[in-house]
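Chain A is already provided as a structure; the job is to place chains B, E and R on it using the hints.
Residue-level listing of the chains:
Number of protein chains: 4
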Amino acid sequence: MFRGAYQHILSLSEESLNGVDDSVVNETVDIIKSSNQIFIYGSGRSGLVGKFFAMRLVQLGFTSYFIGETITPIVTKDDSVILISNTGMTKSTLLVASVVKRIGAKIIAITSSEHSPLAKYADLVIHVANEHRDGSLAPLGTLFEISTVILLDSLVAELMVKTGQSEEDLRRRHAIWV
Amino acid sequence: MFRGAYQHILSLSEESLNGVDDSVVNETVDIIKSSNQIFIYGSGRSGLVGKFFAMRLVQLGFTSYFIGETITPIVTKDDSVILISNTGMTKSTLLVASVVKRIGAKIIAITSSEHSPLAKYADLVIHVANEHRDGSLAPLGTLFEISTVILLDSLVAELMVKTGQSEEDLRRRHAIWV
Amino acid sequence: MFRGAYQHILSLSEESLNGVDDSVVNETVDIIKSSNQIFIYGSGRSGLVGKFFAMRLVQLGFTSYFIGETITPIVTKDDSVILISNTGMTKSTLLVASVVKRIGAKIIAITSSEHSPLAKYADLVIHVANEHRDGSLAPLGTLFEISTVILLDSLVAELMVKTGQSEEDLRRRHAIWV
Amino acid sequence: MFRGAYQHILSLSEESLNGVDDSVVNETVDIIKSSNQIFIYGSGRSGLVGKFFAMRLVQLGFTSYFIGETITPIVTKDDSVILISNTGMTKSTLLVASVVKRIGAKIIAITSSEHSPLAKYADLVIHVANEHRDGSLAPLGTLFEISTVILLDSLVAELMVKTGQSEEDLRRRHAIWV
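Protein chains in written order, with our numbering: chain A, 1 to 178; chain B, 179 to 356; chain E, 357 to 534; chain R, 535 to 712.
Treat the hints with caution; some may be incorrect.
What follows is a list of derived Cβ distance ranges for each label pair [as the list claims (entries may be wrong)]:
#1 B:Asp312 / A:Glu27: 24 to 34 angstroms
#2 R:Thr610 / B:Arg280: 32 to 42 angstroms
#3 E:Gly460 / A:Thr87: 19 to 29 angstroms
#4 R:Arg706 / A:Thr63: 13 to 23 angstroms
#5 R:Thr597 / B:Val339: 21 to 31 angstroms
#6 E:Arg527 / B:Thr265: 30 to 40 angstroms
#7 R:Gly595 / E:Ser379: 37 to 47 angstroms
#8 R:Arg537 / B:Gly239: 36 to 46 angstroms
#9 B:Gly282 / E:Ser454: 41 to 51 angstroms
#10 R:Ser700 / A:Thr63: 47 to 57 angstroms
Just so you know, the hints here were simulated from the structure itself, not pulled from any lab data.
Since the structure is predicted, the reported quantities are computational estimates derived from the model, not experimental observations.
Even for Gly, the Cβ is constructed at its ideal location relative to N, Cα and C.
The following block holds chain A by itself, in its conformation from the complex (with noise of 0.2 angstroms):
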């Protein structure tokens, strides 16, 4: 099952990367520069994938904060908010982005739903497909979250064209210990 798990997970994954718009890409790339700071969010394993983009936008240069840790501070209309959420109905998820659409704040969903209610609280809509998917090689959330873990470290390698970077300028800023 080992192998066929990984290419059934890599094959899928290309086809919904493949799948996501060259406008969404772009897009997203202009949000994200535009913003003042960069909130995420997400439940569960895709707060861990939310995590993971989180700390390469530090290394970016650009000011990022993941929701609900110790000293994130309060999101203001000039910021945007990443929220990650497979079904698109994750309560706390929901929470947040209620909150933060009457404060104005932009707000990017990554969602295999595209009609969730998180869909309905989105800007923008980057879907990456959960479907077509085999439960026994790639259980629950699986495909979608390691999709979205691509997905987002494709987009650090747009944002580096974009912002003029190099692999060296992120690990200047690259913190290590513990």
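Just chains B, E and R now, kept in the frame of chain A:
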């Protein structure tokens, strides 16, 4: 760069996963199944990789902890500890390795460096390559981290078979909220 | 202000703790001792207060989890859940309360507001005052938070007696590193 | 034991806080006010103590980070680092101290042991006693931890005065949800 990045990551990840021996996969499954508790640790993005896996282990019915979280108990000699570090030289990870070695727990190291200090502590080394990558497409540990996420999720599929469980069994143990 | 602040906090904390009924203390101990697992949740500084206690519960030999951490399993009807919120109106805490209530687990609410929505969900309310404070010496939830930290550490002393354990027993279960 | 415990903790905490010199309080305030960023670290319950303070620093308008959290950037020589360890011998805390020392950031150590390895790294030591305690009423680091929570919240009151801020200013910067 966006599409180039994910194609680069997917293709090198596949190569890297193809390089993992069947015997290493089987031994990892055996160690996990025969451990009383499975502890996981990594620093930074490697820590997030480990947390991804810890969540699934719990959903598979194993007793698993991420070292450093609030309620993590002490490690005993009947436990195993999975340590994740790209370079195999992360100081806090080596600190954990040295303590755990003295206790007599089994150590599984996941690293791109088979001759690293971390690998020397390990009873079993899972080598995940971070080489041949283009730093502008997959900066720093990106390739290692994504390959390891996929590796561990493929181990989940393997563990589902070896313990006779379906996606439904995982869903029942899936904690929701917050 | 420094000395004025801690004298203010210490004196109001004592008052607040004197106001906790013996019967409430005893009932809390009984619920904890008879629970299969003890879950804890709070948001922001109230969450930190809960984590303080969760660590000691583990050192006392109880099975305890903080909701929202990586490896927290699902709550069952044989468990108890301690929810901490100054106002009793924190949305994520109420979200947890509503889910947990449906499952049938016992809810202990620690709050300064006995008529709050959180208190309504609870099987047992521990009232910890946040009143009579000077906002320039103990701003926002400061008094509630510190009083609750001390309350819960005093419950630890009570639990040590009721389970026949010494400091040495706690030390043996004290996880070190990282 | 419940009432005996909190009276013991309150009375020894007061003694311990009375023992902190005014000059140490003033110097701490000066370092915090003149730092570009304030980093905080501690392991276990000492880490929770630090997070309590980090939240308030953010609400006071300072730029503060807890080392080890997702988005924590690198420390520079214009920053200060507050390290909390009862024994002054916690390995991960010493690891942070050694890295930070090399960078040239100011180190404030909060510890019960003035001659500990941690104290040696520090530019300023805040001594918080963990002595004269009864291990059955205040086991392990309990007294140190609670005294330090109160000490740091009293510093908050001091910082409010020194920066001309009211409770209302903190409330405005208080992040809600999740």
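Structure-based check of all given hints:
The given range of 24 to 34 angstroms is respected by B:Asp312 and A:Glu27, whose C-beta atoms sit roughly 25 angstroms from each other. Distance hint for R:Thr610 and B:Arg280: a CB-CB separation of about 36 angstroms, consistent with the stated range 32 to 42 angstroms. The given range of 19 to 29 angstroms is respected by E:Gly460 and A:Thr87, whose C-beta atoms sit roughly 25 angstroms from each other. Our hint of 13 to 23 angstroms for R:Arg706 and A:Thr63 holds, since their Cβ atoms are close to 19 angstroms apart.
At about 50 angstroms, the beta-carbon gap between R:Thr597 and B:Val339 misses the expected band of 21 to 31 angstroms. Separated by about 34 angstroms at the C-beta atoms, E:Arg527 and B:Thr265 satisfy the suggested range of 30 to 40 angstroms. A hinted range of 37 to 47 angstroms for the beta carbons of R:Gly595 and E:Ser379 is consistent with their spacing of about 44 angstroms. Take R:Arg537 and B:Gly239: their Cβ atoms lie about 43 angstroms apart, and the range 36 to 46 angstroms holds.
The given range of 41 to 51 angstroms is respected by B:Gly282 and E:Ser454, whose C-beta atoms sit roughly 45 angstroms from each other. For the hinted restraint 47 to 57 angstroms between R:Ser700 and A:Thr63, the CB-CB distance of approximately 27 angstroms leaves it violated.
Violated hints, listed in ascending order, are 5 and 10; each of the other numbered hints is respected by the structure.
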